[in-house]
Amino acid sequence: MTAENIKLMINLLPIETWNTIYMVLSATLIAVLMGLPIGILLVISEKNHIREMPLINGILSFIVNVGRSFPFIILMIAIIPFTRFIVGKSLGTTAAIVPLAIAAAPFVARVIETSLKEIDKGIIEAAVSMGSNTWQIIVKVLLPEALPSIVLGITLTIVNLVGYSAMAGVMGGGGLGKVAIQYGYQRYNGFLMTITVIELIILVQLIQWIGNYISKSINKK
Amino acid sequence: MKPGNPHICEGANSSCVFSSKMREKHRSLFRRERGCFIVRVYISFDYDIERGKSMIRIQNVSKTFTGAQDTVHALQNVNIHVEKGDIFGIVGLSGAGKSTLVRCINRLEEPTQGTILVGGKDVTKLTDKELRTMRKKIGMIFQHFNLLSCRTVAGNIAYPMEIDGVSSRDREERMKELLFLVELEDKMNVYPAQLSGGQKQRVGIARALANHPDVLLCDEATSALDPKTTKAILKLLKQINEKLGLTIVIITHEMEVIKEICTKVAVMEGGEVVEQGWVADVFANPTHDTTKSFVQTVTHEVPAEFFSHQDPTKELLRLSFKGSCAKQPILSQMIRKFDVDANILLGGVDHLQQMIVGNLVVELSGEPDKIVKAVEFLKDHQVQCEVLRL
Ligand SMILES: Nc1ncnc2c1ncn2[C@@H]1O[C@H](COP(=O)(O)OP(=O)(O)O)[C@@H](O)[C@H]1O
Ligand SMILES: [Mg+2]
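These protein sequence lines are chains A and B, in that order. If you're matching positions, the first sequence starts at 0 in numbering that gives the first Met the number 0 and goes up one per residue. If you're matching positions, the second sequence starts at 0 in numbering that gives the first Met the number 0 and goes up one per residue.
Keep in mind the hints are simulated off the structure, nothing from the lab. Where hints are given, some of them may not hold.
To be verified - Under the rule of at most 25 Å between Cα atoms (straight-line distance), these lysine-lysine pairs were calculated in the PhoX-like manner:
hint	chain 1	residue 1	chain 2	residue 2
1	A	K215	B	K369
2	A	K219	B	K186
3	A	K139	B	K175
4	B	K313	B	K369
5	A	K139	B	K128
6	A	K220	B	K186
Take the sequences, apply the hints, and build the full model.
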């Protein structure tokens with residue numbers, strides 16, 4: 000543990016931790032915005048649900064499966080032209096948000112789908128019997144009833160994205176992944192590598208803890 | 000005015016009669032013609048003038064579920080007529096098609112064939128929007144309550160009003176009435192998970208009544224409750240029926256529920272209605288085997304060994320009677336008149352709301368031709384006789 004290492008740590012870690020959080024949370028937000036409607040559609044278009052649409056269900060399910068079968072590193076490279084089109088460049092922290100969000104969206108869609116499917120059919124039926132329309136059932140029944148479970152699913156998404164975001168370091172993105180690659184791998188700095196790993200562990204623990212806490216406090220079952 | 004020749008000497012609307020303004024002329028008449036009685040007859044129409052009007056008419060309804068391998072004929076040519084103010088029970092074993100039938104009424108299930116009129120409107124021909132409007136006027140309660148777990152009692156009761164666009168102030172007001180009605184004022188801000196089964200069903204009832212429905216459908220609403228809570232919930236339903244004149248359709252597999260509050264009953268088996276009518280009639284004289292076994296679950300039954308030793312000078316009879324003949328000493332008259340002995344093996348009198356229904360199993364002994372005459376006598380006095388043989 001040399002003085003130089005300490006200095007590096009103080010210079011690098013706070014800013015790269017922030018970069019990780021920035022990438023992960025932005026990507027999560029975008030992924031939820033994309034995955035939520037898809038997840039809802041996947042559920043309500045199912046057989047015997049409130050808006051049975053087999054064709055739409057089949058198509059959406061296929062798209063989601065395709066999205067989920069891409070390894071992240073391949074997806075990241077494959078969509079470079081798209082990233083450049085959106086952000087204006089294909090390298091850097093902000094640019095990494097695009098592949099992260101696109102990788103997480105199908106995952107979020109499945110997470111939402113699973114959460115909404117856990118709702119007791121009887122509750123939905125009661126809402127239908129009271130004359131609710133589709134929108135009212137989604138907004139007043141499905142989402143509120145599934146919220147504790149959705150929060151846990153999004154927590155899982157965030158944790159996964161922390162892992163993926165490390166890979167963004169390969170493409171010139173910032174964050175803790177960059178520290179690990181540049182100092183740990185390329186310069187054989189074992190100390191900084193260890194510190195980075197410890198910090199990731201703490202970060203993931205913290206996210207999980209917060210997610211569990213929120214989910215538990217809104218669960219009235 | 001002659002004695003023994005009744006006629007109406009004065010008519011008036013009920014309020015006038017109640018104010019007891021008997022004309023002086025009739026008072027004097029009463030004084031002069033001794034032995035004549037002027038009897039005031041109250042006929043009250045103000046209870047519910049709509050009672051007896053058709054509320055639900057199910058005509059030739061069939062429902063077939065077509066699965067990958069098999070098709071299930073859940074309903075076959077069902078005809079049921081529910082009048083306004085009825086508490087109409089539908090009883091049957093599990094799988095008889097009761098739920099399917101009641102779910103056709105608010106079209107949670109689409110009937111394959113037939114028409115269903117609710118308040119004169121054919122629900123099978125409604126557009127989606129009309130259907131939603133109609134559903135707001137048909138309340139429904141469920142075996143497993145189906146409350147929103149994320150909303151409090153107040154939130155659950157508010158739900159149907161929210162989707163109906165009732166202002167928050169009107170919601171508050173209605174909420175108070177409903178909480179009072181179902182006796183849950185102290186549980187307003189509690190979540191369903193903290194309520195007992197009976198309390199949950201009370202919330203279900205309040206929620207179903209929030210938008211002033213014309214009909215309340217109950218699908219096994221008491222089947223998940225213990226007997227005491229069941230009684231309390233049934234009492235509440237009865238009270239709602241009487242107070243609000245609300246038509247109630249009750250699905251159940253327990254004859255006890257029918258006996259407790261229903262005015263009419265339909266018995267279902269294998270997707271068909273095998274018997275229907277006034278509860279007192281069905282209890283006194285069940286014709287279909289399924290009905291008989293249902294009735295026997297709540298009345299009295301003869302153990303099998305009574306059937307085994309038959310004697311030609313003895314006849315085993317089941318007698319059923321209802322209403323006024325339950326109060327006459329017909330059996331003792333018969334014994335005296337025909338010189339037969341009657342040994343009562345089993346019996347009981349059930350009170351179905353206002354109606355009395357008696358069920359006796361007796362063993363008549365005496366000369367065979369006298370027994371035949373005795374049975375004739377009973378039949379002449381509106382007693383249903385069924386000869387029980389093995
Ligand atoms: N959605 C469905 N798909 C296929 N068969 C069904 C469905 N719902 C009910 N059934 C069948 O219809 C019959 C009547 O069911 P149900 O109305 O639930 O009976 P009950 O309420 O009297 O117990 C049963 O044989 C049941 O298996
Ligand atoms: Mg049922």
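Taking the hints in turn, this is what the structure says about them:
1. Proximity of K215 of chain A to K369 of chain B is assessed by CA-CA distance (about 80 Å); at most 25 Å being required, the pair is judged violated.
2. The suggested pairing of K219 of chain A with K186 of chain B holds, with an alpha-carbon distance near 15 Å, which does not exceed 25 Å.
3. A C-alpha spacing of about 22 Å is found between K139 of chain A and K175 of chain B, which places the hinted pair at or below 25 Å, so the restraint holds.
4. Note on K313 of chain B and K369 of chain B: the hinted pairing holds, with a Cα-Cα distance of about 11 Å set against a maximum of 25 Å.
5. For a cut-off of 25 Å, the pair hint linking K139 of chain A to K128 of chain B stands: about 19 Å separates their Cα positions.
6. For the hint linking K220 of chain A to K186 of chain B, the alpha-carbon distance of about 16 Å falls within 25 Å, and the restraint holds.
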